[in-house]
Amino acid sequence: MKRIITLTVQDRSGVLNRVTGLLQRRQFNIESISVGPAETEGISKMTLVVEIEDEQRLEQVTKQLNKQIDVLKVSDITDKAIVVRELALIKVASSSQLRSEINGIIDPFRASIIDVSKESLAVQITGRPEKIDALIELLRPYGIKEIARTGLTAFLRGHQPQVNDLATYSLLK
Amino acid sequence: MKVEAKQLEFLTSTAPKTGADLLIDLLKSEGVDTLFGYPGGAVLPIYDAIYRAQGTIKHILFRHEQGMIHAAEGYARITGKPGVVIATSGPGATNLVTGITDAMMDSLPLVVFTGQVARSVIGTDAFQEADVMAITTPITKHNYQVQSISDLPRIVKEAFHIASTGRPGPVLVDIPKDISAGVLVEEPEDACIDLPGYQPTTKPNPLQIKKLADSIAKAKKPVILAGAGVLHGKASRELTAFAEKHQLPVVTTLLGLGAFPADSPLSLGMGGMHGTYAANMAIYETDLLINFGARFDDRLTGNLKHFAPHAKVAHIDIDPAEIGKNVPTQIPIVSDAKEALVELIDQTAESPEIKAWLETLHQYKQEYPLWYKHNPDGMCPQWLIEAVHKVTNGEAIVTTDVGQHQMWAAQYYTFREPHRWVTSGGLGTMGFGFPAAIGAQIASPESTVVAIVGDGGFQMTLQELSVIYERNLPVKIIIVNNGALGMVRQWQELLHGNRISESILHTQPDFVKLAESYGIRGMKIDNQEDLITSLPELFAHDGPVLVDCRVLQQEKVFPMIAPGKGIHEMIGVKPS
Chain A
1 MKRIITLTVQ DRSGVLNRVT GLLQRRQFNI ESISVGPAET EGISKMTLVV EIEDEQRLEQ
61 VTKQLNKQID VLKVSDITDK AIVVRELALI KVASSSQLRS EINGIIDPFR ASIIDVSKES
121 LAVQITGRPE KIDALIELLR PYGIKEIART GLTAFLRGHQ PQVNDLATYS LLK
Chain B
1 MKVEAKQLEF LTSTAPKTGA DLLIDLLKSE GVDTLFGYPG GAVLPIYDAI YRAQGTIKHI
61 LFRHEQGMIH AAEGYARITG KPGVVIATSG PGATNLVTGI TDAMMDSLPL VVFTGQVARS
121 VIGTDAFQEA DVMAITTPIT KHNYQVQSIS DLPRIVKEAF HIASTGRPGP VLVDIPKDIS
181 AGVLVEEPED ACIDLPGYQP TTKPNPLQIK KLADSIAKAK KPVILAGAGV LHGKASRELT
241 AFAEKHQLPV VTTLLGLGAF PADSPLSLGM GGMHGTYAAN MAIYETDLLI NFGARFDDRL
301 TGNLKHFAPH AKVAHIDIDP AEIGKNVPTQ IPIVSDAKEA LVELIDQTAE SPEIKAWLET
361 LHQYKQEYPL WYKHNPDGMC PQWLIEAVHK VTNGEAIVTT DVGQHQMWAA QYYTFREPHR
421 WVTSGGLGTM GFGFPAAIGA QIASPESTVV AIVGDGGFQM TLQELSVIYE RNLPVKIIIV
481 NNGALGMVRQ WQELLHGNRI SESILHTQPD FVKLAESYGI RGMKIDNQED LITSLPELFA
541 HDGPVLVDCR VLQQEKVFPM IAPGKGIHEM IGVKPS
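If you're matching them up, the sequences are chains A and B in order. Last residue of the first sequence: 173 (the numbering used here), numbering continuous. Last residue of the second sequence: 576 (the numbering used here), numbering continuous.
Only chain B is shown next, with the shape it has when bound in the complex (with noise of 0.2 Å):
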């Protein structure tokens, strides 16, 4: 151990300053406390540097980088900060695409470094070379390659102010081998960002916001519509209190979840193609929709034709290209949610006269409630997610891959607090939930993390198992087991003549042997009375666990627009 410290010391008093040393620095100048990552060739030095600096950054060793990459978005939705992500060139790289593609879809910011190999021998199809930055261009919100040393310090400055500001996603930097490796003739000067062509625009204009203010006031029918937008921009408590001060009905995205409290009398839930009733039908009959922050995804419009064909629209984003874009819209707003809500909050125009559009609302809500049917076979997923609801007392961070699971979560886990849920929702990515989990967990270490994740994205990125058990990372893994991939099965029951072909997965391992394996506790759980005797005990062990919850297979997500149908067309609103 002596010795060690001694060759530490030696190190770092006389090695010579290399790029990778700069690059920790700036790192640490960034305010960067965890790094996402997984060494290999082109990365060596940047490696040795982490070394070098003796701790003083955190560095989580993955097991493959896509985990890794998911975990970064998944602190990067917690923290609102950027996730950042080390990999090597070639394979490390080109497997990050999936997450680069994620954060891209769903805004999160993420700065990205990937290896590349010396520049001497860039273009030559060297070992573990990939044209990354082609590959990267269009998933990125930005990219770079370093040419030089003295560019690192303005390259990573830019790097981090452009996946923070405005529209967050994530940007690359792509960092020769022979950059990182190279000594640091002199300690460059501080860097300054020179992005001419990057000026996000975050203040409202006061006269659309006045136009908005007073189409409020003449409403007859009017909706608010949240989006992940007021989640980055960090207006949730403004969104509140502009809904409650008009008492405005609010519908959130998937994304939005969270946005505005479920529990509030006002929340008409989800929107979209497995939205409830009351939120659906109060977009296709409103007079104006006040969208914040929310890209009317396909998923939430439907069929674009029959999407709020009587409303004046309101679209307030921070990016200029989504307004307008998939809507045709009257009072386009560019504008951080926040700054706009807050305006919107100040303006003295009236309240509108909307006691009918609320009552009718109401009986919507009361009339068309979700549902579902329990079944003396086995175990209901929509039960099974209320359970774990009721266990963590509506207040975990929730985290899922992609499908059934997804939704019966949105639907049936009521969220009342904003930062809270975190999920795949534009690129619907397998094997997201489970990682994410562990990027949660880290940013949030006091905070009862759960991954609700199917069968089959759960064994999309189950090796990160590795990484809770050797950080007793507490993350609860809540398997919803219907032994298929519920949502293909799903659509070709309803929609392909119940032809079921390769959504079953015959084959599993042992879940719970597996989780055992990696020296976490697992459990298996397939009838209601076993799940409430023992998931109160299991969510207040202090470690990781992982419960394999068999559910029924046949059970489907209602209500349901199917696809080319209009927001009004859903099908399964009642129990048949």
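Chain A with its partners taken away, still in its complex shape (with noise of 0.2 Å):
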């Protein structure tokens, strides 16, 4: 099962690779990871998207995580309300005559044109993992030149609903 796991952390050096390193002595494989500062100077926030198998070894992860000193807070929020967004930048290869054909698929996708040259355009995307993928495949055809994506990150919704129902609001499972 996928689970969104999202770490508190101290902004010091080497911390990204204790986390990383830690995930793969443990034979943790990490589909995506983001980095970056939290609202408290010195702090930052990461979140990790991971493949585990079943609730020990997600258990054994976040154990093993809180353990590091420079880790201050772990959460699985997969089951959790949350926001979770991702973005990508999608190099499409297209002459001027198909542009306002790809202006109409990405239209949709609230997605925007941020660079046009003469034989590729670049298209920015921002949302949902699945969105994202369904945009790429959408754009396919045309010929994708590139791909970069930040990997996802997300955090709690500021209201959470009662327990008894958490689990339809799963993004990801």
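Simulated from the structure, these hints should not be mistaken for laboratory data. As the structure is a prediction and not an experimental result, all values here were calculated from the model. Glycine included, every Cβ here is placed at the ideal spot set by N, Cα and C. Fair warning: there could be bad hints in the mix.
[As the list claims (entries may be wrong)] Restraint ranges, calculated between C-beta atoms of paired labels, are given here:
#  : chain 1 : residue 1 : chain 2 : residue 2 : range
1  : A       : D115      : B       : K17       : 52 to 60 Å
2  : B       : G41       : A       : G21       : 26 to 34 Å
3  : A       : M1        : B       : G41       : 48 to 56 Å
4  : B       : F127      : A       : L98       : 53 to 61 Å
5  : B       : E186      : A       : S117      : 56 to 64 Å
6  : B       : N527      : A       : D54       : 53 to 61 Å
7  : A       : D54       : B       : T202      : 25 to 33 Å
8  : A       : Q56       : B       : T202      : 21 to 29 Å
9  : A       : N29       : B       : F127      : 48 to 56 Å
10 : B       : S264      : A       : E39       : 55 to 63 Å
11 : A       : Q56       : B       : F127      : 42 to 50 Å
[Unchecked claim] The following residues of chain A were derived to be distant from chain B, with all beta-carbon distances above 10 Å:
#  : residue
12 : P37
13 : L87
14 : A93
Reconstruct the complex from the two isolated chains, following the hints.
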């Protein structure tokens, strides 16, 4: 099962290495990882997406991450009400004739064109990973030259519904 | 002599204070009495500071970094205080890797200082540069690289705090040469520990304690498993009181030996791959397994499918990540062993009715004791250990490497007291035993310290003979010499169709002459009569002694659980 785990960590050199090294050593497979400064100075926030086979392994990974001295907090937020976003840049082969056609495709995704050249254009899209996957599939026939994705980042919504129906809010599973 | 003293005075009074001087001050204020070290280019400023400290802090010079870090581990195991290690950059640091990993696996507190090239050349592949931070991140509890002299007080304080609290472990501090050589502009302020991400839980949850007490009252076949956590928590007395209060039988792990008196009628001995029949069957048949500070290592559990299959499992551990890691646990208790035991003893729940269970276990002990057969062809290694036990009255500190001699020592040197057993359990490091004995002897100068080592392992770190000669440390070295890498040979015989591949040591030094060349008394003994005659006198000798004991090569460690087998599937439980 795919799990979204967020970490609050001390912004110190080597902390990313500690986290990824630990996951590698304990044989956890990282699908994506994103890091950036948090609301407090000196504190960073990491969002990990990891593939984990069962509950016991999930418990083990959170416990091992928690043991790291530079890790302040570990939360598996997969089953909570969360906001999940990823950004992708997609370079599509395109002549001037195809530009408006592509515009028509990306418009419903609320993506935008951020760079244009003679042979290609660059699309920027933000959203849940599935949404990005869907747009990539639609653009593929035109010839995708390059894709750069940030990896997913997420946090809890301001309001958490009652415990019993949390699962319905799950975005990844 | 006079000139030297004057020179020293000159140096101490006028030389400006450096980062290295500050480090020595900080070590003293942490109560450090012994440094296990080896100098080199990147730590020259630190060694200069040690020189100028004029013997106010003891430094023991080893002959190889691996030897000194194992010595620091031995010191840590006996005192419970962090062993403090200093090594230079590059090869000095990489030679420590085995010892750091060993300490990590066996939860020994160490604070390791490594020199590093100056900050200006870090990352340029400078002379004797190694990426020690990256190398040691997975094998330390935490590590630091000092980036500013003003950080040094906080880092040293945190390093000692992290190493010695919670689940102990090694902490490494990498100090670039320009930091240690740097001149202190002003005396730094007293540092405060700033570790918001490190708050080990030491007090048990009272509800879980009550749940465990109630489970004990209802159990029909309860058993305690005592690990090294009991020793780290200095909770042997409490464990004994608790076991005796409810008449609960106790199995100890390899590293837990001594946590519970082995001569108590409630003791079932060691469990695991070479554990006793009674201990392993107790674990197999139990309906309530109460684990204090053991991590359910694979050498204890055997095949997990057959491990305590009928049991409710309670696990008391200071490290939450160990609970439920290998064995599903119904009663998890994150706590220091002593805190939990004190709470448990105070519980009013009744003792269980377990007369029949104790009777069964008693029968197992009677029917399947540890055994070996005397052989007219030579000396039995098991008998040798018994002889060492006898001559030391069972009160010695015993250190070992890994392998057959380790298992025989664990089986036949019945430990009545805690903190007498120093062995490499998790990592299984050859060459650990002898230097660990040096550290143990430094930690406990009045104790008899015996290094029981194999002929293979001893040859990995024997250069430290210089240290015991130089310091006149009365370590007694017993080489259980079977001319082979015995455990490898045993597995090859039993599990690899008797294809004895590269496990016989055809050539060996003359260990007696070797000892003598270091100025140490040596003796070779190849039969039981000579051993009986000589051993008391050798142990009475006030100084180091090496005894090369020639034992039978074909002797094997039994009982044995073959790899992949369940804890109840022992072979060699009785003489064939």
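Verification of the supplied hints:
| no. | hint | in the structure |
| --- | --- | --- |
| 1 | A:D115 with B:K17: 52 to 60 Å | holds (58 Å) |
| 2 | B:G41 with A:G21: 26 to 34 Å | holds (29 Å) |
| 3 | A:M1 with B:G41: 48 to 56 Å | holds (52 Å) |
| 4 | B:F127 with A:L98: 53 to 61 Å | holds (59 Å) |
| 5 | B:E186 with A:S117: 56 to 64 Å | holds (59 Å) |
| 6 | B:N527 with A:D54: 53 to 61 Å | holds (57 Å) |
| 7 | A:D54 with B:T202: 25 to 33 Å | holds (30 Å) |
| 8 | A:Q56 with B:T202: 21 to 29 Å | holds (25 Å) |
| 9 | A:N29 with B:F127: 48 to 56 Å | violated (39 Å) |
| 10 | B:S264 with A:E39: 55 to 63 Å | holds (57 Å) |
| 11 | A:Q56 with B:F127: 42 to 50 Å | holds (48 Å) |
| 12 | P37 | holds (17 Å) |
| 13 | L87 | holds (29 Å) |
| 14 | A93 | holds (40 Å) |
Checked against the numbered hints listed earlier, the structure breaks hint 9 alone; every other hint is satisfied.
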